[in-house]
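There are 2 protein chains.
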Amino acid sequence: MTAARNRQIVLAARPQGMPRPDDFKLVEAPIPSPKDGEVLLRTIWLSVDPYMRGRMSDAASYAAPVAVGGLMVGDTVGEVMESRDPSLKPGDVVQAYVGWQTHAVARARGLRKLDPKLAPVSTALGILGMPGMTAYFGLIEVGKPRPGDSVFVSGAAGAVGSAAGQIARIAGCRVAGSVGSDAKARQARETFGFDDVLNYKSENDLGAALRRVCPNGIDVYFDNVGGPITDAVLGHINLHARVVICGQIAGYNERGKEMGPRNLWQLIVKRARIEGMLVSDFQAREAEALERLGRWVREGRIKYAEDVVEGLENAPAAFLRLFTGANTGKQLVRVGPDKI
Amino acid sequence: MTAARNRQIVLAARPQGMPRPDDFKLVEAPIPSPKDGEVLLRTIWLSVDPYMRGRMSDAASYAAPVAVGGLMVGDTVGEVMESRDPSLKPGDVVQAYVGWQTHAVARARGLRKLDPKLAPVSTALGILGMPGMTAYFGLIEVGKPRPGDSVFVSGAAGAVGSAAGQIARIAGCRVAGSVGSDAKARQARETFGFDDVLNYKSENDLGAALRRVCPNGIDVYFDNVGGPITDAVLGHINLHARVVICGQIAGYNERGKEMGPRNLWQLIVKRARIEGMLVSDFQAREAEALERLGRWVREGRIKYAEDVVEGLENAPAAFLRLFTGANTGKQLVRVGPDKI
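In the order they appear, the protein sequences are chains E and Y. Each step along the first sequence adds one to the number in numbering that gives the first Met the number 0, with nothing skipped, and position 9 is 8. Each step along the second sequence adds one to the number in numbering that gives the first Met the number 0, with nothing skipped, and position 9 is 8.
Worth double-checking, as some hints may not be accurate.
[To be verified] Listed below are the simulated BS3-like cross-link pairs for lysine-lysine, each with C-alpha atoms no more than 25 Å apart in a straight line:
1. E:Lys200 with Y:Lys256
2. E:Lys256 with Y:Lys200
3. Y:Lys143 with E:Lys256
4. Y:Lys143 with Y:Lys112
5. E:Lys88 with E:Lys34
6. Y:Lys143 with E:Lys143
Hints were generated in silico from the structure; no laboratory data involved.
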């Protein structure tokens with residue numbers, strides 16, 4: 000039984016600084032009907048991710064912004080309710096990119112069919128989805144870790160950071176990281192196996208804290224955060240260090256230009272490299288990443304954590320948790336039950 | 000006939016900000032005698048280079064600082080006056096690293112013998128020396144230019160920048176650059192063949208100036224300067240751009256931490272890379288660079304310019320010209336005549 004109406008969350012206004020609840024609006028629309036080659040999906044899970052802050056802004060970026068009044072974009076897991084394509088049938092569960100809504104029509108081609116027996120389907124939005132692949136390709140292809148390297152991860156308890164740290168340990172590295180609460184520090188150490196963790200909010204001297212948690216310096220820095228922790232790390236890198244710029248969440252709500260110490264001289268001293276990465280550039284290698292990540296999860300070598308907020312109407316609140324650091328683990332929104 | 004005494008310039012005090020004349024001191028010492036395997040050199044040319052500012056400071060860097068009271072380090076070209084090694088004989092001209100002095104004893108092994116018939120021996124301190132090799136390896140190995148790329152060089156009329164720009168043109172790139180005077184802009188265009196040049200001192204809007212001189216964006220940025228021009232370039236890079244950090248002369252006289260806009264988000268948007276380089280890492284490939292640079296100079300495909308200050312006592316003034324931008328071309332100090 001489907002709901003009579005499709006509920007959607009649209010962008011009501013472009014945020015200035017930290018988004019506010021009234022930058023979003025819940026609207027209703029008819030449930031659409033699939034055409035040939037399409038399916039009707041009922042959303043079970045919605046992923047909220049830091050990159051969405053960029054879509055709310057009309058500043059130049061790597062992707063077009065959401066229009067004011069337009070549907071918020073995002074990854075989802077949904078159940079096929081009606082199919083007009085031979086590749087999918089009602090009851091199938093798929094990963095889609097259909098945004099913040101309870102129902103959607105999508106082309107069957109381009110949906111990833113999930114096997115609920117292999118892993119909980121919500122993992123298709125986390126460790127076995129975009130965040131996991133971001134960690135895999137960012138660390139392996141940009142960070143180029145070598146066994147014995149010292150790796151440091153900012154946002155170590157987050158969806159991407161926790162995966163990056165665990166992949167680095169599989170690659171034979173020693174791994175430390177930074178988080179924003181003592182609870183996350185404990186989680187990073189005890190659940191995700193980080194060798195050492197610092198809470199940047201309780202350290203007076205980030206440089207001293209880095210020397211403590213990375214006594215042999217830093218060969219690979221996987222940065223999800225930016226800002227002061229990144230400034231401090233750049234003063235602590237080793238010769239030929241690789242810095243992976245994966246995210247800069249500390250700056251996403253900045254108005255105007257964020258200022259910090261210039262750090263390029265340090266790159267000469269250390270002949271080091273800073274490189275930005277975007278997971279979509281590695282789309283052609285999705286199967287490789289998912290096969291390996293899936294194996295490591297099944298073997299218990301990679302753990303993941305999920306933080307669930309109930310109800311599409313609470314998706315804006317769930318999204319804002321990313322910026323206050325309230326979430327522990329991958330932030331998800333449960334939009335509908337597994338089965339109806 | 001040698002002078003009765005060796006004249007030397009030593010570091011009198013660690014500079015605060017821009018070095019001043021009394022940070023240096025001219026002293027005299029006996030002319031040393033070579034032992035077995037050594038030669039006595041009479042300095043003809045001394046090179047002054049921006050990196051020497053780092054040696055005057057005791058801040059952590061890639062090389063140890065000059066001690067207060069110690070001889071200023073530097074590359075030289077000199078004539079062998081006396082030899083106790085079979086590989087060199089009096090009258091031979093060599094490139095050495097014996098610092099700011101009129102005479103020096105050096106181990107024969109480790110000196111580069113020059114052929115005055117192939118090129119003026121002063122070029123061993125410029126296009127056929129450290130600056131030329133810095134341009135070659137920095138551009139080729141870190142910048143990785145592809146034919147058709149748009150290359151931008153800061154410090155385009157300098158010893159390294161002028162070479163980097165010309166090598167980029169040989170590699171099939173379009174080349175623009177920045178300089179600090181209209182005379183240098185003319186020199187970069189007319190002598191060094193840059194396609195377009197901006198004078199950063201006379202532009203109100205560096206972003207607009209970059210769009211004018213690099214209408215197709217920037218694929219490779221070869222940075223000798225740092226500071227505001229680099230901030231502006233990072234806003235104008237293309238997808239997969241490579242930024243070579245070769246020098247940051249704009250900041251060498253800064254006291255404390257220099258602040259600027261944070262730019263790492265832009266690296267994600269453009270999946271771009273910033274990498275520091277140091278020519279000494281490529282020492283094993285010196286012959287490759289010198290063979291190619293020598294060929295390009297002989298073929299007239301690479302031009303160079305020299306700016307000569309007379310007399311060892313004027314070496315500090317020559318050095319300071321690098322920071323005021325007074326020099327046009329490779330700054331040299333003539334310490335002695337070609338032949339005595």
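Verify the proposed pairing of E:Lys256 with Y:Lys200, using a straight-line Cα cut of 25 Å. Holds: E:Lys256 and Y:Lys200 sit about 22 Å apart, inside 25 Å.
Would the pair E:Lys200 and Y:Lys256 pass a check requiring their Cα atoms to be no farther apart than 25 Å? Answer holds: E:Lys200 to Y:Lys256 is near 22 Å, not above 25 Å.
Given the hint that Y:Lys143 pairs with Y:Lys112, does the C-alpha gap stay at or below 25 Å? Cα-Cα ~31 Å, so violated.
Hint consistency between Y:Lys143 and E:Lys256 [alpha-carbon to alpha-carbon, up to 25 Å]: violated, 30 Å
Given the proposed pairing of Y:Lys143 with E:Lys143, does the C-alpha separation stay at or below 25 Å? Distance of about 19 Å is within 25 Å: holds.
Does the structure keep E:Lys88 and E:Lys34 at a Cα separation of 25 Å or less? holds, 14 Å
In summary, the numbered hints that this structure violates are 3, 4.
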